[in-house]
Every structure is written in structure tokens, then in C-alpha cells.
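> In case you want the letters, here they are:
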Amino acid sequence: MKSHRIIAVIVRHAYEARRNADRITDMVYWPVLDILMWGFFTTYLGRGVGMRPDVINVLLGATILWGMFYSFQRDMAVGFLDELWSRNLLNLFSTPLTINEYVTGLICINLAKTMVGVGAASLLAWSAYHFNIFPWIPALVPYLLNLVLFAFALGILTTGLIFRYTTRVQGLAWSFAGLLAPVSCVLYPLKSLPGWLRAIAWMLPTTHSFEGMRQAMVGGGFSPYHFWWGIGLNAIYFALAIGIFKLVFEAARTRGLLVKLE
Amino acid sequence: MLVQVENLIKRFGDFTAVDGVSFGIKRGEIMGMLGPNGAGKTTTLQMILGLITPTAGEIRIFGKSMATHREEILDRMNFTSPYVAFPYRMTVQENLTVFARMYGVREPQRRIDEMLERFDIARLRDKPIARLSSGENTRVGLAKAMLNDPDLLLLDEPTAYLDPDIAYQVKEALLEARSDRGMTILYTSHNMSEVERLCDRIVFLNHGRVIAIGSPIEITQAILNEEREAPALEEVFLRVAREARE
Chain A
1 MKSHRIIAVI VRHAYEARRN ADRITDMVYW PVLDILMWGF FTTYLGRGVG MRPDVINVLL
61 GATILWGMFY SFQRDMAVGF LDELWSRNLL NLFSTPLTIN EYVTGLICIN LAKTMVGVGA
121 ASLLAWSAYH FNIFPWIPAL VPYLLNLVLF AFALGILTTG LIFRYTTRVQ GLAWSFAGLL
181 APVSCVLYPL KSLPGWLRAI AWMLPTTHSF EGMRQAMVGG GFSPYHFWWG IGLNAIYFAL
241 AIGIFKLVFE AARTRGLLVK LE
Chain B
1001 MLVQVENLIK RFGDFTAVDG VSFGIKRGEI MGMLGPNGAG KTTTLQMILG LITPTAGEIR
1061 IFGKSMATHR EEILDRMNFT SPYVAFPYRM TVQENLTVFA RMYGVREPQR RIDEMLERFD
1121 IARLRDKPIA RLSSGENTRV GLAKAMLNDP DLLLLDEPTA YLDPDIAYQV KEALLEARSD
1181 RGMTILYTSH NMSEVERLCD RIVFLNHGRV IAIGSPIEIT QAILNEEREA PALEEVFLRV
1241 AREARE
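As they're listed, the protein sequences go chains A and B. As numbered in my numbering, the first sequence has no gaps in its residue numbers, which increase by one up to the final residue, 262. As numbered in my numbering, the second sequence has no gaps in its residue numbers, which increase by one up to the final residue, 1246.
Hint data in this document are derived by calculation from the structure and do not stem from the laboratory. Glycine included, each C-beta is placed from N, C-alpha and C at the ideal position. Do not take every clue at face value.
To be verified - Residues from chain A shown here face chain B by an in silico Cβ test under 7 Å; the list is partial:
{"id": "1", "residue": "His4"}
{"id": "2", "residue": "Arg5"}
{"id": "3", "residue": "Val11"}
{"id": "4", "residue": "Arg19"}
{"id": "5", "residue": "Thr95"}
{"id": "6", "residue": "Val259"}
What the hints assert, rightly or not - Ranges of calculated distance between the beta carbons of each label pair, as one might list FRET restraints:
{"id": "7", "chain 1": "A", "residue 1": "Gly171", "chain 2": "B", "residue 2": "Phe1015", "range": "26 to 34 Å"}
{"id": "8", "chain 1": "B", "residue 1": "Gly1024", "chain 2": "A", "residue 2": "Ala235", "range": "33 to 41 Å"}
{"id": "9", "chain 1": "A", "residue 1": "Met1", "chain 2": "B", "residue 2": "Ser1133", "range": "33 to 41 Å"}
{"id": "10", "chain 1": "B", "residue 1": "Phe1015", "chain 2": "A", "residue 2": "Arg198", "range": "45 to 53 Å"}
{"id": "11", "chain 1": "A", "residue 1": "His4", "chain 2": "B", "residue 2": "Glu1172", "range": "28 to 36 Å"}
The task is simple: from the sequences and hints, build the whole structure.
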């Protein structure tokens, strides 16, 4: 992999983010709006209903982390859609750019964009609701890592599906992560799901991340169990996503889809 | 030969788009690729660019196989077509910066300035692509195609949207690149007088097959099957296109 080509992909999407109001909205507006709404709700739960502060912290923390996961998965796919919408694919893939460099560039720029959104949401939660996520970060790092890895895998898979089925399935960019939200146990524990759904939830790294996060934030310490389950599942999903993406890309070249996608 | 295409075949299901095409291009040569719509020109060009995988056959460029040395080969090549676009919200400068980085161009800003001057679009530097005319867009594409000073340049109807004055400037720039640097160019166009003036040799395709290769006068004589004093590619093209329809 050549770093100058990875940087070119990063620079291309940094320019797009600067020029495209939709990207700025995605990056900052939604995470901030989410935290604003959840902030008022948890304030009500704390003052009006008398909910324990640690449970309120867990709700706000989960909202921030889900926002991060969702943004990352969406931005990977939208980054690719930007090439399709601007009919730039032929220009891009007639350069020496490899698919690994392209995906690495997308991951880097989306990591930066997600951090801006999460940073803005966290600062708002801190200043408006006195919820400071930053001291929790060291305890949450293992679960953040699993969330980010799963978001990579889903983002790559969604991009692969768009490669194969073109803009007909572009809605997946915004909806795929949402599909997993009910079974990822973001705001409630795994045991609150019906038995048959728990088995599905167990297969998702997001469930292990949010279960582990809750344990850490209510003082139960680090859960190696949830961390390693998350890592193991991520290894499988990541390998599958990369494998499927490469197969789809090669198939697109064989079938001439790369030049017809536009 | 700088480019060697050997028995290239591309099938899409039951349809054979390219059927055993072979030709070579010498270093510093301007090779035209002609043929009616559906002759297989674009598919052949896209296989040379590595955008489509051939069903069979081999493409060797700079003595290396495209199948195994894609990155290395594309690093020394470039391509443009008025039918592909750039991200339309980004300015001309931003787009060229991205591609200069993509090719690892040394002193990218100096090179971008040179290209903007050469194609007379320096005044458009800070304009978003969306606000350019078709002709201006084509010139941005040409500036991008010359950014890395390629050894091999693939041009798909590069003068399609240009007025005669700008088209003339572009042709002069291509001839200059060939004479100064020995740049090799593969060129498709539907403007026959332009091809006659610019191309050293022509590969003529029809129904996915090569029907003639040679200089403009050789192609004229071979396809019209009579002695001629001067090339008459327009006549050749019309004859082939009518026969293809019949």
C-alpha cells in the first residue's frame, strides 16, 4: 500500500466534507441533536422519576457510543456513494489506487469525522447535562474498539452490496445499523429480550460492547468475557466483510459493472 | 512495443464484445482506435485500463502483464474521457490536487499550475466543477490526464465537446507531448479529419474484431479496396458502419 494514495482518498473526502452541507449535517448535527433529546429525557428521568444517576449515565453514554457506531457505518457507505453520485469511479480506479488503499483511506477519514461528531456530542453532554464521558474513556476503550471494528465490517459489507446492486440498495447506508439496534441491547440489558432473540443478540459484537459498557459504568469493572466475545465475533465478521467485498469488486470488474455503475 | 494486446476476448454472458483483438503500439506513437458504435473500442480501452477483466488474452504494457502488474503500469499511464466526471462540489484546484497526490506527483502545485496554463483554464481554478461548461470540464479532464506526465495516455474522444479553436490547442499540446517527451497515445474519436492529422497508425474495429491496422492511407486503401492518393477515413467509416447495419 502506498501512503500518498491513501492520503489522496483522505484529502478527497475532506474536501467533500467541507463543500457538502449534507456531510457536515451527518458529522455534527445528528449526534448533537441525539444528545440534546436524550439529555432532556434523562434529566426528566432523574428529577421527575428519581432514576439512579448511574443508570442515567449509562443511558447517555450508550447514546453517544451508538451515535459513533451508526455514524461510522453510514459514512463508510456514503463515502463510496459520493463517488457514484459524482460519477468519479472511472477516474478513481483508472489510477494505480488499489481497493485496500481506498478502503484504508475511507476508514481514516471516517474515523476523523466520527471523532468530530462524538466530540461535539460529548462536549454538549458535559456542558448542558453535567455528564462527562471523558473520565470513562479508559474503562470503555475495549468496548469502543469492538464497536469501531464492527462498524468497519458493516461499512465494508454495505459498500460491497452497493458495488453489487448499485444505488438500488443505497438506503442500506442509513438503515443497516438501525436494523441491528433493537438486538444490540443499546439501552437495555440482554436479559430483557425474549429468549429466542437473545441468541441472535449474542452473535453481535455490539451487544457485548453495550453489556460490557453497562457493567463498567455501574462499577462492575472490566468484563473480559464480553470483550473477548466481541473480538472473536469481530474477527469473523471482518474477515467475511473483506472477503465478500473483494469477491464483489472482482466480479464487478469481470462483469464490466465498474464502468456501468455510474 | 510499448503496448502489446494479444488475442483479447471479452464476453458478457452470450454476447461477445471483443473477439480476438490483437495489436501493438510503439513507443512515441499516436495510435487511433476507430469503429462504429458497438465495435468494441470502449471495452478494449477499459480492459487496457484494468477496469474490466478480459475473458481471455493478454495485455502487456511497458513489457509487463496488466493482470499481474496493474499498480506499476497505471502509475505511468493516465486516461480521460468527456463522459466521466469529477466530484462536482469540489473546485478544479481541489480535484487536481487529489489526482496529483494519487499519482505521487512531485511539486504538485507547480505541475497543476502548468497544466491549468497549458489548457487555458487557470481562471477556473477556484470554480466548482458543477459550474463549468462541458468544454471546460473536458479541459479539466485533459489537465488531470497530463498531471503525472504519463508515458502512455489513453484518450476517449477528448475533443468531443470542444470548439474548434480549443480542440486545435489540445491537438497541438498532444503533438508537443509526443515530440518533446515521446509520449505514447491511444486515441479514439469520431472526428475523422482529426484522426488523419494526429494518428500515425489506426486500428479499425468492427463487431469486436480488428478489420484493419495501418497508417490512415493504408487503412483507406485496405477497406475501400482501391488505390488512393490521400487518406479518406470518413468514407471508410461510413462504408464500415453501413455494412455493419446491413
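> State for each hint whether it applies.
Each hint tested on the structure:
| no. | hint | in the structure |
| --- | --- | --- |
| 1 | His4 | 5 Å, holds |
| 2 | Arg5 | 6 Å, holds |
| 3 | Val11 | 6 Å, holds |
| 4 | Arg19 | 4 Å, holds |
| 5 | Thr95 | 5 Å, holds |
| 6 | Val259 | 5 Å, holds |
| 7 | Gly171/A with Phe1015/B: 26 to 34 Å | 31 Å, holds |
| 8 | Gly1024/B with Ala235/A: 33 to 41 Å | 48 Å, violated |
| 9 | Met1/A with Ser1133/B: 33 to 41 Å | 38 Å, holds |
| 10 | Phe1015/B with Arg198/A: 45 to 53 Å | 51 Å, holds |
| 11 | His4/A with Glu1172/B: 28 to 36 Å | 32 Å, holds |
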